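S.K.: All chains should be built: construct the whole structure from the sequences, respecting the hints.
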Amino acid sequence: MNAPVNTAALAPENSAPPGPFKEFVRAFTANRGATIAFFVFVAVVLSALFAPWLAPHDPIQQFRDHMLTPPLWQAGGLAQFPLGTDELGRCMLSRLLHGGRISLMIGAAAVTLALLPGVVLGLLAAFGNAWLSAAIMRVMDVLLALPGLLLAIGVISILGPGLINTIIAIAVGALPGYARLARGAALAEMARDYVTASRVAGAGTLRLMFITVLPNCLGPLIINATLGFSSAILETAALGFLGLGVQPPLPEWGSMLSAARDYIERAPWVVTMPGLTILITVLAINLMGDGLRDALDPKLRSA
Amino acid sequence: MFTLLLKKLATLIPTLLGVTLVAFALIRLIPGDPIEIMVGERRLDEDARAALMAQMGLDQPLPVQYLQYLGQLLQGDLGKSLVTREPVSAEFAVLFPATVELALAALVLALVLGLPLGIAAALKRGSWFDQLVMAVATVGNSMPVFWWGLILIMFFSVGLELTPVSGRVGIEYDIDTVSGFMLIDAALADLRGQESGAFKSAVMHLLLPATVLGTIPMAVVARMTRSAMLEVLREDYMRTARAKGLSPARVVFHHGLRNALIPVVTVLGLQVGSLLGGAVLTETIFSWPGIGKWLIDAIARRDYPVVQAGILISALVFIGVNLIVDLLYGVVNPRLRGGGH
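Just so you know, the protein sequences line up as chains A and B, in that order. Here this note's numbering is used: the first sequence runs in plain steps of one and ends on residue 303. Here this note's numbering is used: the second sequence runs in plain steps of one and ends on residue 341.
Hint data in this document are derived by calculation from the structure and do not stem from the laboratory. Values in this document were obtained by computation on a predicted structure and should not be read as measured data. Careful, some of the hints might be misleading.
Unchecked claim - Derived coverage of chain B by chain A (criterion: at least 3 residues anywhere in the stretch with Cβ under 8 Å from a Cβ of chain A; other residues may be distant): (1) 8-18; (2) 100-106; (3) 142-148; (4) 270-276; (5) 293-299; (6) 314-326.
To be verified - The following residues of chain A were derived to be distant from chain B, with all beta-carbon distances above 12 Å: (7) E87; (8) V120; (9) P147; (10) R192; (11) G219.
Idealized CB from N, CA, C, for every residue including glycine.
M.R.: The structure is reproduced here in structure tokens:
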């Protein structure tokens, strides 16, 4: 009615406002840690992608004359094996590079497999009638009643260990989180005028769900998917370490650690290397996630 | 408070039923014949097989089986281990205190280190100390628990020979189980003069596993305390308190910390899940005889009744702890006592 329009705030600066992507890049690169983490992550992805060309050896080839060779910088190290060899004489560097393919692939597949159905279920719960909504969310509550890793262990105990089953187990554990998040975000958006306007204009439920509402819920989903990616990598390694994940001789970071346990005294590098690789990868993704949150969610900026 | 508890319990009923349904389905979802898989190498004749089927109720229609299962659960019957032939509930009663002891020690460590570090970092915002604490917390938050355990073993047990690598107390000690908590039982044994040095041995055994399990919660508590403190320090009532001439310590701890604790309790509640998952890994690394190691061993031995009970119990513990955290909010934040949320 008589609300004063703040013309000062609306007055255009002479330059055109930056586009959303440009603004995102500016906000993201303002965070130094996130920027460094981004480049570390790109390096990890590239090294995994090009592992077959970068790795000096076949990751499962056993050099029986060079078992437990120390890394290059220690006495007895060989240029042939820059990071040393494991208890079966396999090249650590080659195994770590190829292990990156497995970990990143499982992480990406598990997040996708959890995110897509999770979002659909969440949107259905937001748009559906009370009965459907209650049914979906009660099932999600049951899945949430088990901590992620334990749920994954339960799924593995039914399906048995293996690469595909690891993906399924981790995805099942992550799914309810996305469903809850999508439902919450969708409910918040549905209360807004633009959704009502779209509904009044005659948009069907499917259009409302996926074209009107979903794009505006993507921010929190992207942030959570990023953090979910790092926890999927951690869980993959944890399952591998427990002997419930990817099985030998495939070079998976967690199962490499589990085999290395017996050589803690004699060959510390077989323990330190895979763990450091996991830590660096997970740390990079988490820092990137923090940067994404700051860049995508202006409310949290400078918090 | 009491009505809040009742309300919370009522909303939990569908979840509880769902969890029992999942545990019930676990054995029936194993591809193939459950009896054959469970028995594995051991050969069974037809009679023994039929007896086992009947014993596990697998010869009844599914809904009847489920109701029977529920009935057993309500009587506290969790089935029998296929390996030890002992009732699962008896094994659980012995192992559960070990896990609780480990988890509590980890939580105490996380709070004792995380809270002061977070407060100090907030008060010295931007200093090198603040940056150091935040860097450590960020790394700690991303730490692969199982690797961290191995590194600590490598350094403290193998390198410095300071701490033992496995178990809860040195094998030379014969400790009577009184409370189930090794620290208490060992201290009692020392006091009674049965043993000497048992308490110290128990502490040394607990130190590394608790550190490993406490690292992630500590990092989370430090981060959350810092940001909550920063938030609170900006509030008007803090300025008022200072202006009234209260001592800086009283302002920070009485006015500041009490309000900063609300989000800290929230994230601590969210940590319980990762604490349970972490306990499985920590117990496996340190051969700590708790329910986490029990579960993993049972999976390796295909001891499905134990797996079923282990999963069910973990879920119940998780639900129970979350309920307690919900009620704790009421204590920390009086505004929530009406049960509005």
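S.K.: A separate judgement is required for each hint: does it hold in the structure or not?
M.R.: Checked hints:
1. 8-18: Our answer is that it holds, as 3 residues pass the Cβ test (under 8 Å) against chain A, meeting three.
2. 100-106: violated (count 0)
3. 142-148: With 7 residues closer than 8 Å to chain A, the stretch 142-148 of chain B meets the three-residue bar; holds.
4. 270-276: n = 4 at 8 Å, threshold three: holds.
5. 293-299: That given contact holds, which follows from 3 residues of the stretch 293-299 of chain B lying within Cβ reach (below 8 Å) of chain A.
6. 314-326: holds (count 4)
7. E87: holds (15 Å)
8. V120: holds (21 Å)
9. P147: violated (3 Å)
10. R192: Since the minimum Cβ distance to chain B is about 23 Å, R192/A lies beyond 12 Å and the statement holds.
11. G219: holds (20 Å)
Hint compliance for this structure: hints 2, 9 are broken, all remaining hints hold.
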